[in-house]
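Chain by chain, the residues:
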Amino acid sequence: MDIRVQEAAFDYGAECARFADGRSGIGAVVTFCGVVRNDGGSLQAMEIEHYPGMTERALRQIAEEAGKRWALADCLIIHRYGRLTPGERIMMVATASAHRADAFAAADFLMDYLKSRAPFWKKESTADGSEWVAAKSADEAALARWSRRA
Amino acid sequence: MDIRVQEAAFDYGAECARFADGRSGIGAVVTFCGVVRNDGGSLQAMEIEHYPGMTERALRQIAEEAGKRWALADCLIIHRYGRLTPGERIMMVATASAHRADAFAAADFLMDYLKSRAPFWKKESTADGSEWVAAKSADEAALARWSRRA
Amino acid sequence: MTLEILYFAWLRERVGLPRETVTTEAATVDELVRELSAREERYALAFSDLSAVRVALDQDLADFDASLAGVREVAFFPPMTGG
Amino acid sequence: MTLEILYFAWLRERVGLPRETVTTEAATVDELVRELSAREERYALAFSDLSAVRVALDQDLADFDASLAGVREVAFFPPMTGG
Chain C
1 MDIRVQEAAF DYGAECARFA DGRSGIGAVV TFCGVVRNDG GSLQAMEIEH
51 YPGMTERALR QIAEEAGKRW ALADCLIIHR YGRLTPGERI MMVATASAHR
101 ADAFAAADFL MDYLKSRAPF WKKESTADGS EWVAAKSADE AALARWSRRA
Chain D
1 MDIRVQEAAF DYGAECARFA DGRSGIGAVV TFCGVVRNDG GSLQAMEIEH
51 YPGMTERALR QIAEEAGKRW ALADCLIIHR YGRLTPGERI MMVATASAHR
101 ADAFAAADFL MDYLKSRAPF WKKESTADGS EWVAAKSADE AALARWSRRA
Chain Y
1 MTLEILYFAW LRERVGLPRE TVTTEAATVD ELVRELSARE ERYALAFSDL
51 SAVRVALDQD LADFDASLAG VREVAFFPPM TGG
Chain A
1 MTLEILYFAW LRERVGLPRE TVTTEAATVD ELVRELSARE ERYALAFSDL
51 SAVRVALDQD LADFDASLAG VREVAFFPPM TGG
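Protein chains in written order, with the working numbering: chain C, 1 to 150; chain D, 1 to 150; chain Y, 1 to 83; chain A, 1 to 83.
Only chain C is shown next, with the shape it has when bound in the complex:
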């Protein structure tokens, strides 16, 4: 298990390659990469604040929970903080398993939980000023999908 919370950019392709490399027992790797989206073309920057200490702890707990629910050979979470611009990669997760169903479900689960349970907050800046991104009810609702311990 590899959990990284960092200000620096990460190399998505290189991380995917490294994560998938040199494993013998696995059959499936799933990766997710989150990108700063610019819907209306007006976003200038996104500032990500986090809670040092708790962030790593929460991500580790989420990853451990995924490891209890599915047969994972490994998982990786990288999440950035600080100032990002549209098109930049915010974060990624990767899961490796013998079977694709476990790898998919675990990656999906990691994303749902870190969206709403890891202490990150986003603030978006446009020409009109800056505003904290509100949590989406859809993101909270997504957690109910994993209802064994929602």
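Rather than coming from a laboratory, the hints here were simulated on the basis of the structure. Careful, some of the hints might be misleading.
Said to hold, decoys possible - Taking lysine-lysine and the BS3-like style, the derived pairs with C-alpha atoms no more than 30 Å apart in a straight line are: (1) 68/D - 136/C; (2) 68/C - 136/C; (3) 123/D - 136/D; (4) 136/D - 68/D; (5) 68/C - 136/D.
Keeping the supplied structure of chain C fixed, place chains D, Y and A upon it in accordance with the hints.
Coordinates of chains D, Y and A only, in the frame set by chain C:
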């Protein structure tokens, strides 16, 4: 949409990076990579046979169906044929979307359909000889999850 | 009617060839299978359990009761195991 | 009892500082919130809608009725928006 059926190896990390690069409207990229698994340590090689012409056609139809069901900015399918050894990458899919739910569902869908509806057949060789891999009832059952047109 | 018939995986191995051109009056896939099976033992063996055989007509999956009218390429193969 | 209190995102902005050390006899998070809100307007404003506030005790998410016994670090923040 990018569909490739090839004998040559592909560079999973480079494909992930290229797929995620330089897109403005997306927020989520999901990739899946299938690896030749060696469960008992006895597998020497896997030979993948396919049906040239129909393979590309079937993959394109599956990708188009995914594009109708979810809001995808793009998708990629690479599938190898020929002789592979344990640890080698057989295939990958990638999906890009504004939102993670679409990217995840579409990648999962692509995998389920290409497992059972694209004309590939696997033969495994061990010291005891070689044998065609039997289709799994679980793979067929997985298609029922997408029941709008299963 | 002249059909190009393709065989894949263990069907190819049992029939002993990857493709052949066949002249037939069969109206459906079922009739074609019966005709081939009657021809030689290797075909009868290959088609002995049709629940394990899939068919594509001109590169689209089809059922065994599908018509062969206008079809140029018929492929027989086991359930697919891609991914 | 001495607590380290942390504020994040718009709670940090409304309170006007990222962290402070507070001496309190509050037994629960609720009591602490009431105590802070009574102290100054900026706290009252920050805590005016508790449905939009989350709390962590020693870096674990908690409820507002949770006990502060043995707790050293309390953090207040809006619903999280990671990923």
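Verification of the supplied hints:
no., hint, result
1, 68/D - 136/C, "holds, 25 Å"
2, 68/C - 136/C, "holds, 27 Å"
3, 123/D - 136/D, "holds, 14 Å"
4, 136/D - 68/D, "holds, 27 Å"
5, 68/C - 136/D, "holds, 25 Å"
The structure is consistent with each of the numbered hints, conforming to all of them.
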